[in-house]
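Work the whole structure out from these sequences, hints included.
Chains A and B are the protein sequences, given in the same order.
Heads up: the first sequence at position 344 corresponds to 344 in our numbering, and the numbers run straight through without jumps.
Heads up: the second sequence at position 229 corresponds to 229 in our numbering, and the numbers run straight through without jumps.
No lab work stands behind these hints, which were simulated from the structure alone.
Be aware that one or more of the hints could be misleading.
Straight-line Cα separation of at most 25 Å, DMTMM-like style, residue types lysine to aspartate or glutamate; simulated pairs [as the list claims (entries may be wrong)]:
| id | chain 1 | residue 1 | chain 2 | residue 2 |
| --- | --- | --- | --- | --- |
| 1 | B | K287 | B | E111 |
| 2 | B | K287 | B | E68 |
| 3 | B | K287 | B | E64 |
| 4 | A | K293 | B | E258 |
| 5 | A | K293 | B | D413 |
| 6 | B | K12 | A | D16 |
| 7 | B | K257 | B | E234 |
| 8 | A | K293 | B | D408 |
| 9 | B | K51 | B | E68 |
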Amino acid sequence: MKLPQLTLSSPHLHGDAALDRLMQQVAIALIPAIAVNMWVFGWGVITNIFITLIVSLGSEAIAVALRRRSVAVALSDYSAVVTALLLGLTLPPLSPWWLLVTGSVAAIIFAKHLYGGLGFNPFNPAMVGFVVLLISFPVEMTRWQAPFNPVAFDLGFFGALTYVFSGHLPFDISLDALTMATPLDHLKTGLSLQHNLSEIRSNTEVFGMVAGKGWEWANLAILAGGLWLLYQRIITWHAPVTLLVTLATTALIFNLIDPARYADPLFHLLSGGTILGAFFIVTDPVTGATSVKGRIIFAAGVALIVYIIRNWGGFPDGIAFAVLLMNMAAPTIDYYTRPRVIGHHQEERQP
Amino acid sequence: MKITQRKLWQFKGGIHPDDHKALSNTAATTPIALAPRLFIPLQQHIGAITKPVVTIGQRVLKGELIAEAGGHVSAPIHAPTSGTVSAIDLHPIAHPSALKIPAIIIDSDGEERWTLREELSRPLDLNPHEIRQRIKAAGVVGLGGAGFPAHIKLNPGAHTQIETLIINGAECEPYITCDDRLMREKPLEVILGIQIMRRALSARHVLIGIEDNKPEAAIALQQILQQLGEREIEVVVVPTIYPTGGERQLIQVLTGKEVPSQGIPLDIGVVCQNVATAAHSYAALYKGEPLINRIVTVSGESVVRPGNYEVPFGTPLSELIGAAGGVKGGGAATVIVGGPMMGIPVTDLQIAVTKTTNAILVQPPQPYPVAHHPCIRCGACAASCPAQLQPQQLYWHSRSRDFDKVQDEHIFDCIECGCCAWVCPSTIPLVHYFRFAKSEIWGRERDKAAADIARERHEFRQQRIEREKQERAELMQRKKAALAKKKAGDGGDVKESIAAAVERTKAKKAKLASQEATLESETIATPSEAEAKSNP
Numbered sequence: 001m002k003l004p005q006l007t008l009s010s011p012h013l014h015g016d017a018a019l020d021r022l023m024q025q026v027a028i029a030l031i032p033a034i035a036v037n038m039w040v041f042g043w044g045v046i047t048n049i050f051i052t053l054i055v056s057l058g059s060e061a062i063a064v065a066l067r068r069r070s071v072a073v074a075l076s077d078y079s080a081v082v083t084a085l086l087l088g089l090t091l092p093p094l095s096p097w098w099l100l101v102t103g104s105v106a107a108i109i110f111a112k113h114l115y116g117g118l119g120f121n122p123f124n125p126a127m128v129g130f131v132v133l134l135i136s137f138p139v140e141m142t143r144w145q146a147p148f149n150p151v152a153f154d155l156g157f158f159g160a161l162t163y164v165f166s167g168h169l170p171f172d173i174s175l176d177a178l179t180m181a182t183p184l185d186h187l188k189t190g191l192s193l194q195h196n197l198s199e200i201r202s203n204t205e206v207f208g209m210v211a212g213k214g215w216e217w218a219n220l221a222i223l224a225g226g227l228w229l230l231y232q233r234i235i236t237w238h239a240p241v242t243l244l245v246t247l248a249t250t251a252l253i254f255n256l257i258d259p260a261r262y263a264d265p266l267f268h269l270l271s272g273g274t275i276l277g278a279f280f281i282v283t284d285p286v287t288g289a290t291s292v293k294g295r296i297i298f299a300a301g302v303a304l305i306v307y308i309i310r311n312w313g314g315f316p317d318g319i320a321f322a323v324l325l326m327n328m329a330a331p332t333i334d335y336y337t338r339p340r341v342i343g344h345h346q347e348e349r350q351p
Numbered sequence: 001m002k003i004t005q006r007k008l009w010q011f012k013g014g015i016h017p018d019d020h021k022a023l024s025n026t027a028a029t030t031p032i033a034l035a036p037r038l039f040i041p042l043q044q045h046i047g048a049i050t051k052p053v054v055t056i057g058q059r060v061l062k063g064e065l066i067a068e069a070g071g072h073v074s075a076p077i078h079a080p081t082s083g084t085v086s087a088i089d090l091h092p093i094a095h096p097s098a099l100k101i102p103a104i105i106i107d108s109d110g111e112e113r114w115t116l117r118e119e120l121s122r123p124l125d126l127n128p129h130e131i132r133q134r135i136k137a138a139g140v141v142g143l144g145g146a147g148f149p150a151h152i153k154l155n156p157g158a159h160t161q162i163e164t165l166i167i168n169g170a171e172c173e174p175y176i177t178c179d180d181r182l183m184r185e186k187p188l189e190v191i192l193g194i195q196i197m198r199r200a201l202s203a204r205h206v207l208i209g210i211e212d213n214k215p216e217a218a219i220a221l222q223q224i225l226q227q228l229g230e231r232e233i234e235v236v237v238v239p240t241i242y243p244t245g246g247e248r249q250l251i252q253v254l255t256g257k258e259v260p261s262q263g264i265p266l267d268i269g270v271v272c273q274n275v276a277t278a279a280h281s282y283a284a285l286y287k288g289e290p291l292i293n294r295i296v297t298v299s300g301e302s303v304v305r306p307g308n309y310e311v312p313f314g315t316p317l318s319e320l321i322g323a324a325g326g327v328k329g330g331g332a333a334t335v336i337v338g339g340p341m342m343g344i345p346v347t348d349l350q351i352a353v354t355k356t357t358n359a360i361l362v363q364p365p366q367p368y369p370v371a372h373h374p375c376i377r378c379g380a381c382a383a384s385c386p387a388q389l390q391p392q393q394l395y396w397h398s399r400s401r402d403f404d405k406v407q408d409e410h411i412f413d414c415i416e417c418g419c420c421a422w423v424c425p426s427t428i429p430l431v432h433y434f435r436f437a438k439s440e441i442w443g444r445e446r447d448k449a450a451a452d453i454a455r456e457r458h459e460f461r462q463q464r465i466e467r468e469k470q471e472r473a474e475l476m477q478r479k480k481a482a483l484a485k486k487k488a489g490d491g492g493d494v495k496e497s498i499a500a501a502v503e504r505t506k507a508k509k510a511k512l513a514s515q516e517a518t519l520e521s522e523t524i525a526t527p528s529e530a531e532a533k534s535n536p
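Set out below in structure tokens:
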């Protein structure tokens with residue numbers, strides 16, 4: 001379509017909103033989470049992000065070049081950086097290089113550019129990358145390190161990088177000594193063995209004050225970043241608040257029915273990817289719903305699916321699956337939640 | 001001075017751009033020096049183009065009628081100064097495609113000799129019809145920007161009670177201060193004009209809406225209201241949010257009512273007029289002066305003396321910018337007719353000031369637009385839209401030329417205020433896409449109407465051919481039957497056969513006549529048939 005130049009059409013003023021700054025701020029909001037994750041899990045967090053960043057930006061550049069668009073423009077929007085950071089944070093620290101490469105390529109090439117690039121992808125790229133890996137490599141994806149393991153810190157950045165590429169630890173210890181099941185994993189296994197919730201939670205190696213040991217702090221750091229995004233008006237409160245409230249309410253109801261089997265709301269809020277999902281994933285404008293009502297429905301749907309998967313599904317956490325499922329529903333949700341146009345009566349929507 | 005506090009409503013959306021009003025609102029309005037040659041376009045309003053009533057070479061006096069209204073929705077045009085009509089020729093107007101329309105060109109004689117003016121001391125004694133007639137004769141149109149003939153909006157019809165007359169002094173666009181200066185400098189004329197309008201409408205009460213960034217204007221009007229002891233006119237200060245000055249938005253803020261989509265304010269018992277329209281209604285009734293000049297804001301970062309100027313219509317922009325000291329440094333600039341949010345950039349400074357020219361913006365040359373980022377559906381545009389549209393959807397469907405969907409998203413409720421494009425982080429020229437979609441839809445509807453007519457004609461022709469075929473067949477049958485009967489009768493009555501022959505001749509004649517008639521109609525129908533064939 002040929003249109004005359006921008007200068008020909010009003011308005012001739014523009015506010016100060018800019019896509020690159022918006023994405024930069026999302027990336028900056030992830031810094032506390034990265035710092036705390038590193039404090040909990042050591043250098044493996046940094047190697048993860050280091051590799052996902054390089055591969056994501058490289059994939060973005062190649063895809064954009066193949067599509068004959070400006071590589072500089074595409075890279076300068078920082079969207080690939082945000083995807084890389086999110087993916088790096090959600091994968092187990094010290095993930096092997098091929099896992100990180102596969103996830104990044106799946107996210108950028110398959111989930112994003114095969115659909116037409118930024119703005120045209122129906123599914124959240126980071127979540128697609130995560131799910132591809134979770135389904136394809138379940139063993140590697142559940143090999144999380146134990147929190148506050150001194151070895152993870154003693155490695156140093158290059159030691160960690162060496163391990164990521166070679167699979168050998170510099171010390172005479174096997175990786176199994178480093179890893180253990182995540183709190184949500186633990187919970188699931190324990191419950192399937194008919195253990196009582198308080199018995200399971202009494203394992204202080206795994207559980208901290210309200211949720212997983214270390215994990216609770218990581219989630220609080222993500223929360224700090226999320227609140228900063230709210231304060232900066234990069235995101236609106238609708239989706240995060242709805243997700244948290246829905247998840248907490250559902251958890252509370254089941255917790256009241258059977259406290260021995262169903263964890264309390266606070267545990268659900270500070271475990272797994274809840275906070276990250278609430279502030280950084282369901283707020284993704286491209287793949288989420290756009291209208292205010294739509295955002296609320298979208299986030300509530302994610303929360304319910306997460307709760308179902310955590311309690312009755314085959315996976316310990318369900319943020320990624322829930323988000324992808326709701327991504328599919330987003331256009332429909334948007335269609336049926338359009339606000340009433342001024343001067344119109346509430347209209348009937350034709351299905 | 002206390003300004004009445006009354007309950008206000010808020011329209012959804014809107015933006016807060018820097019208003020840049022201080023550039024031009026500090027100095028008093030100054031009349032500009034008369035240009036030697038004025039170019040007066042024959043259309044300066046919404047509605048039918050005017051018909052010139054002067055001839056080339058004719059001498060005209062200031063205020064003399066030079067073009068009469070071209071229809072019911074139209075407004076006459078008067079000579080802005082005395083002089084000689086030197087030509088009636090095409091002249092460019094402020095239009096996105098630099099359209100040229102006929103204009104009367106007057107070489108001024110510099111004498112400013114007025115035609116006869118009928119002054120009235122008590123115009124409020126006139127009945128509403130007479131008031132409207134005088135406003136119409138003075139060529140007064142809405143001076144807020146759209147230029148709808150004022151006398152039509154002042155005619156509610158016999159069965160409509162006007163609850164509220166809203167006077168728009170909001171002036172929400174950045175940089176523009178002509179209404180602000182008018183209200184400060186001529187508050188009495190504004191109020192007396194409002195009284196005239198209220199009388200024409202028999203409106204119950206009047207609300208003057210002024211944004212809170214113009215306290216001096218609000219106070220000036222309030223003082224006059226107190227001096228006059230006028231109780232039915234109320235100054236209401238409203239929050240500064242762009243686009244509060246939009247007719248529908250201001251009505252919503254002041255009354256809480258929404259003007260129906262496709263409807264007009266009259267549908268909800270409201271009429272909205274601009275303050276400058278009121279001031280010129282005053283001039284038309286009290287002083288008998290037609291609308292021949294207006295206050296124009298000349299502002300922007302690149303003009304030497306930004307300010308407000310009283311400009312006769314027909315003055316070329318070059319003269320006006322020259323009167324304002326010209327362009328800073330004498331270099332290049334972007335010139336916009338209107339405000340920065342809805343104005344039209346022009347490419348020709350011979351374009352003249354008309355009734356709807358409220359501002360001229362002289363800005364540094366705009367950078368050539370770089371390719372914009374893709375839409376990330378952040379919804380900032382939807383949140384800012386005062387009509388509560390979904391610009392991201394409108395954009396998506398406009399881009400893919402899916403105009404049914406565009407209409408399903410109510411594109412014609414878009415007022416092109418530009419809020420969406422202002423907030424867009426991807427700097428997408430959204431309004432441009434919407435204008436494109438609207439024009440495409442209008443074009444498509446025109447094509448459809450033409451195709452409908454062609455199809456109807458084609459169907460009619462098919463019917464006619466079918467009917468003729470049937471008639472011929474029946475005739476043949478009758479002939480055959482007659483022949484058979486004759487054979488059977490075998491030399492029957494001679495008289496009978498003569499009568500039959502006469503009958504046949506008569507029928508033949510009649511048929512010939514009818515054939516001629518159809519031949520004629522067919523000749524007329526031919527072009528459309530060709531169209532119908534090519535356009536099934």
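Hints, verified against the model:
no.: 1; hint: K287(B) - E111(B); result: holds, 20 Å
no.: 2; hint: K287(B) - E68(B); result: holds, 21 Å
no.: 3; hint: K287(B) - E64(B); result: holds, 14 Å
no.: 4; hint: K293(A) - E258(B); result: holds, 22 Å
no.: 5; hint: K293(A) - D413(B); result: holds, 21 Å
no.: 6; hint: K12(B) - D16(A); result: holds, 21 Å
no.: 7; hint: K257(B) - E234(B); result: holds, 18 Å
no.: 8; hint: K293(A) - D408(B); result: holds, 19 Å
no.: 9; hint: K51(B) - E68(B); result: holds, 5 Å
Violated hints are absent here; each numbered hint is respected by the structure.
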